[in-house]
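Since the structure of chain A is provided, determine the placement of chains B, C and D on it from the hints.
Protein chains: 4
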Amino acid sequence: MNHDPATPEKAAGGRLRRQRPADTGEWATSLTRIAQNEVEIRGYPVDELMGRLTYSEAVYLLLRGELPSPAIGKLFTAVLLSSLDHGVTPPSTLVARQVAGSGSSLSSAVAAGVLAFGSYHGGDIEAVMRCLQEGISLHHGGRSYEEAARLLLERHCSAEPTPPGFGHRIHTRDPRAARLMQLAHELELDGEYCRLLRVVERVLNSQPERAQRPLPLNIDGAIAAVCGDLGFGPEIGNGLFIISRVPGLLAHAVEEKLTQPPMRKIDRDEAYYNGPARRRLPESRK
Amino acid sequence: MNHDPATPEKAAGGRLRRQRPADTGEWATSLTRIAQNEVEIRGYPVDELMGRLTYSEAVYLLLRGELPSPAIGKLFTAVLLSSLDHGVTPPSTLVARQVAGSGSSLSSAVAAGVLAFGSYHGGDIEAVMRCLQEGISLHHGGRSYEEAARLLLERHCSAEPTPPGFGHRIHTRDPRAARLMQLAHELELDGEYCRLLRVVERVLNSQPERAQRPLPLNIDGAIAAVCGDLGFGPEIGNGLFIISRVPGLLAHAVEEKLTQPPMRKIDRDEAYYNGPARRRLPESRK
Amino acid sequence: MNHDPATPEKAAGGRLRRQRPADTGEWATSLTRIAQNEVEIRGYPVDELMGRLTYSEAVYLLLRGELPSPAIGKLFTAVLLSSLDHGVTPPSTLVARQVAGSGSSLSSAVAAGVLAFGSYHGGDIEAVMRCLQEGISLHHGGRSYEEAARLLLERHCSAEPTPPGFGHRIHTRDPRAARLMQLAHELELDGEYCRLLRVVERVLNSQPERAQRPLPLNIDGAIAAVCGDLGFGPEIGNGLFIISRVPGLLAHAVEEKLTQPPMRKIDRDEAYYNGPARRRLPESRK
Amino acid sequence: MNHDPATPEKAAGGRLRRQRPADTGEWATSLTRIAQNEVEIRGYPVDELMGRLTYSEAVYLLLRGELPSPAIGKLFTAVLLSSLDHGVTPPSTLVARQVAGSGSSLSSAVAAGVLAFGSYHGGDIEAVMRCLQEGISLHHGGRSYEEAARLLLERHCSAEPTPPGFGHRIHTRDPRAARLMQLAHELELDGEYCRLLRVVERVLNSQPERAQRPLPLNIDGAIAAVCGDLGFGPEIGNGLFIISRVPGLLAHAVEEKLTQPPMRKIDRDEAYYNGPARRRLPESRK
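Residue numbers (the working numbering), protein chains in the order written: chain A, 1 to 286; chain B, 1 to 286; chain C, 1 to 286; chain D, 1 to 286.
This is chain A alone, in the form it adopts within the complex:
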């Protein structure tokens, strides 16, 4: 979305169709060029990408305009993988199942699930990104990270007791958030966003009232910091969660259709897990 209009390309017929020379209604897209028998994502023929890029790398290319380095590709893969599914507990999953069970299509079930991503569910990534942006500006303006963190907590914890990016209904230590921050560090891709977020976490949990009940960093917060350091803008933040979770919604919708009677009452507290017991990845995968 930040590429110069490639004038020669355009002159040579890159234009999708061109029929009305005097028309002022033209508009530009820099994502994908379509012509007969040609599909080029950000300049790369999609059939040349197939078999060569991972899906996450291709998503990164589509969203950002350039191929990721191998390290960035690996980290972005972990970002998408982190939120792939969260069992039958989230509202979005219950909604997708309820719609699937009423006899609607998979498209309807997934779409309804996506609509449950609201400000309380998957909607924190943009908020954390904007909050961290603000803190980084404070830091660039001369404040220490710790001062910036304190100011952020004052500003963003007045309305809501919990700052965006912290706390979870179920987890006291979100295993996905910890792993994602660690990976960013190992891959040397953590920058100002990650650093500031860690300071915010420390300052927040050094407050006396948190001594008994520390507020853990959650996966929304970790994605926001990691993707902020990767250069993603806040306006796409919540979208990363949507991409990540759609296969989860779909899997639940299909399981509901295949294994449950229609129109049933779906009580998440009555669910039990009957899949395989905990297992380890084979050595070859490590």
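Hints were generated in silico from the structure; no laboratory data involved. Keep in mind that the hints are not guaranteed to be accurate.
[Said to hold, decoys possible] Here are the computed distance ranges between Cβ atoms for each label pair:
no., chain 1, residue 1, chain 2, residue 2, range
1, D, Arg278, C, Glu134, 52 to 58 Å
2, C, Asn205, D, Leu281, 44 to 50 Å
3, D, Ala211, B, Thr162, 57 to 63 Å
4, D, Thr259, B, Gln36, 52 to 58 Å
[Said to hold, decoys possible] Among the chain C residues that face chain A by a calculated CB cut under 10 Å, a handful are:
no., residue
5, Val95
6, Ile136
7, Asp267
[Said to hold, decoys possible] Derived pair list, reagent style DSS-like, types lysine-lysine, alpha-carbon separation capped at 25 Å:
no., chain 1, residue 1, chain 2, residue 2
8, B, Lys286, A, Lys286
9, B, Lys265, D, Lys257
10, D, Lys265, B, Lys265
11, D, Lys265, B, Lys257
12, C, Lys286, A, Lys265
13, C, Lys286, D, Lys286
14, A, Lys257, C, Lys265
15, A, Lys265, C, Lys257
All C-beta atoms in this analysis are idealised placements derived from N, C-alpha and C, irrespective of residue type, glycine included.
The following block gives chains B, C and D in isolation, referenced to the frame of chain A:
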């Protein structure tokens, strides 16, 4: 919403229902186990998968219950990558842009785009899978692949002139379909579904009326055959397209919000591509 | 949708806009004409309708192209009113509440609720209309109503034990269905559809296995018969339920946002009604 | 989905959660009471309302908890009727048509259309209501209506040049808004909201820069003022537009399915109206 709780009413059975004395409401899910500080997808802790699996491999694991082999992982990656985006031409993309441009959320824009996946758009994968299943049954019952193909074409081309899985509004040779079939062959993962589909293609295009205008295999058809051979059932077929395309819908919704005025008329024929000119993958990626 | 193109109107500029005389892309709509400072629904300026028609009459006009007679307006009002809300029991309502409670917009909550109208929920009206059409054809072909009813039950009860339009999860006698059929009769607007439906109901419940547990006519069945006699086609059948129920979905989404904590578990069996106790309409309303 | 229930896992707490010993999960709803063979909206059996209330009156009852007076019923009917349809020009209508044309269900088409109601489309009613609330507080605090209007315009026109509730893409005088304000006046139901809105309109258009291009009150603004005076809260404001327009979305989705080829390009500028020419209501309706 401002009424006193009518106590007598409540006592007299105002409660809508309460009838689970024996509580037989338990239900099973085999996808993901959630406990405090634990998220296990099909038995694997998600934080152990992060950094070790590609996203496509994790999606495969979630949908199928087992890790894919490296070859299957590679092929399934290509399946998801093949339909990642198709520029501004599909109805779903126009819908996602129109909704994004009216000031609705990214969730709303993506959900509306997904709703445009109907029987004429992204809805052929299931149909092709069922059609090929039928043909494979015929083959197992003693027919040659060619006889099975002829029978399928008779049965499924009477209502619609184009059999599911063939033809495209824009392409006369769908580059994605060709590449996906080739990859399945190279990876030795093509089986009865792919074989039958190739025979159907040959029989279809040997019909005299196709001599001038051959009907090419499209990407829906190729995904159906490849995923049929991978063991996916038809009930999840259209879902694979949903997963694949959601990042495309999102990228267009974001581009619309960032670069276009709200509430504009979106004429796909006025769009031109101003991204990078055609380019090749670096050698290191091949 | 069945009006002749009004040629003089068209010549006089009824066309919404006209810029490309040689263009073959023109397409027609007969619903509403828009011009600067003019909004005409089926030829009637909407500002002249305001204060003069009821909303149901205007909906009827929009859908059918002509004003309803007073009796038809009254019956169609009852059709829309019959399914206005059904408390917190239907899947669509639970979905709308769950989405509202996740912090999404009212639009998202209502849309998600509408997506839960599937083949098992609000999706029977079209099916009943097509079934009754078939039976009326049989009758016109010489069968008695009773013979037609028996044939329909044979044909449509093989796959599903319950024919469309009969049975309800909660009601053994659906008070809305009974009232709607009675109103159609009082207003002398019941015709072949209603007559056949009553015969189907009688034949169905005279089967020995129904002696203990009769299957009552439900509101979907009654709407289908009444609207069939009003001349509505089956392709709009399920749409009548959508129109009718949207205010119900909205009311629940708003109540959820105003009175409940976000992200709560929504258990319909835990709900109790705390509104006003049963009351009668004032005499002036009868 | 084909795994044996892992019994030890289950015994060891595979159940996701089960923790309601004291069961404090009860929650209240005051909208509709459901019991076997009973459906009571705000205390009134729905079958007693059928044939006696208009649909708008029943919607008002559901949303507000009490029957409207005849005058309020008439005004609220006009509110719902005012936005019933606006031809093929709005984004929501184009979206509903595009989705209907891709072979998706009516539910999907209507839901997608509703999702296009965003901050730029149908999303102004809540904003105007809050703005007028603010002005009325200023008035109660001692300011004249004119001073309050000036302050509102200063506060709410800095970010956007157009204050919410004014201006329209097509109309220079919105006939629906004018008629609704007039009806409220005739029925003596206009109060502080309507009075303040009229003052805002006068102040706004007496600005020198508006001399040539006055900004007309639009229908969102009029609905906001009229419904504010009827006692509706801002949180339901945008919902009134959703209710009003759903039949319009549906009518377009059905017309698209019945009269157009699937997957067509939908260019609103190519549409022409071929319904009946302008006509007057019969005398009996006035």
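Structure-based check of all given hints:
1. D:Arg278 <-> C:Glu134: 52 to 58 Å: 40 Å, violated
2. C:Asn205 <-> D:Leu281: 44 to 50 Å: 45 Å, holds
3. D:Ala211 <-> B:Thr162: 57 to 63 Å: 60 Å, holds
4. D:Thr259 <-> B:Gln36: 52 to 58 Å: Given range 52 to 58 Å: holds, Cβ gap about 57 Å.
5. Val95: With Cβ-Cβ at 5 Å, under 10 Å, it holds.
6. Ile136: Constraint on C:Ile136 not satisfied, violated at 26 Å.
7. Asp267: 6 Å, holds
8. B:Lys286 <-> A:Lys286: Given that 25 Å is the threshold and the Cα spacing comes to 23 Å, the pair holds.
9. B:Lys265 <-> D:Lys257: Answer holds: B:Lys265 to D:Lys257 is near 22 Å, not above 25 Å.
10. D:Lys265 <-> B:Lys265: 13 Å, holds
11. D:Lys265 <-> B:Lys257: 22 Å, holds
12. C:Lys286 <-> A:Lys265: Not satisfied, since the Cα-Cα distance of roughly 38 Å exceeds 25 Å.
13. C:Lys286 <-> D:Lys286: Within the cut-off at roughly 23 Å; holds.
14. A:Lys257 <-> C:Lys265: Cα-Cα ~22 Å, so holds.
15. A:Lys265 <-> C:Lys257: Holds: A:Lys265 and C:Lys257 sit about 22 Å apart, inside 25 Å.
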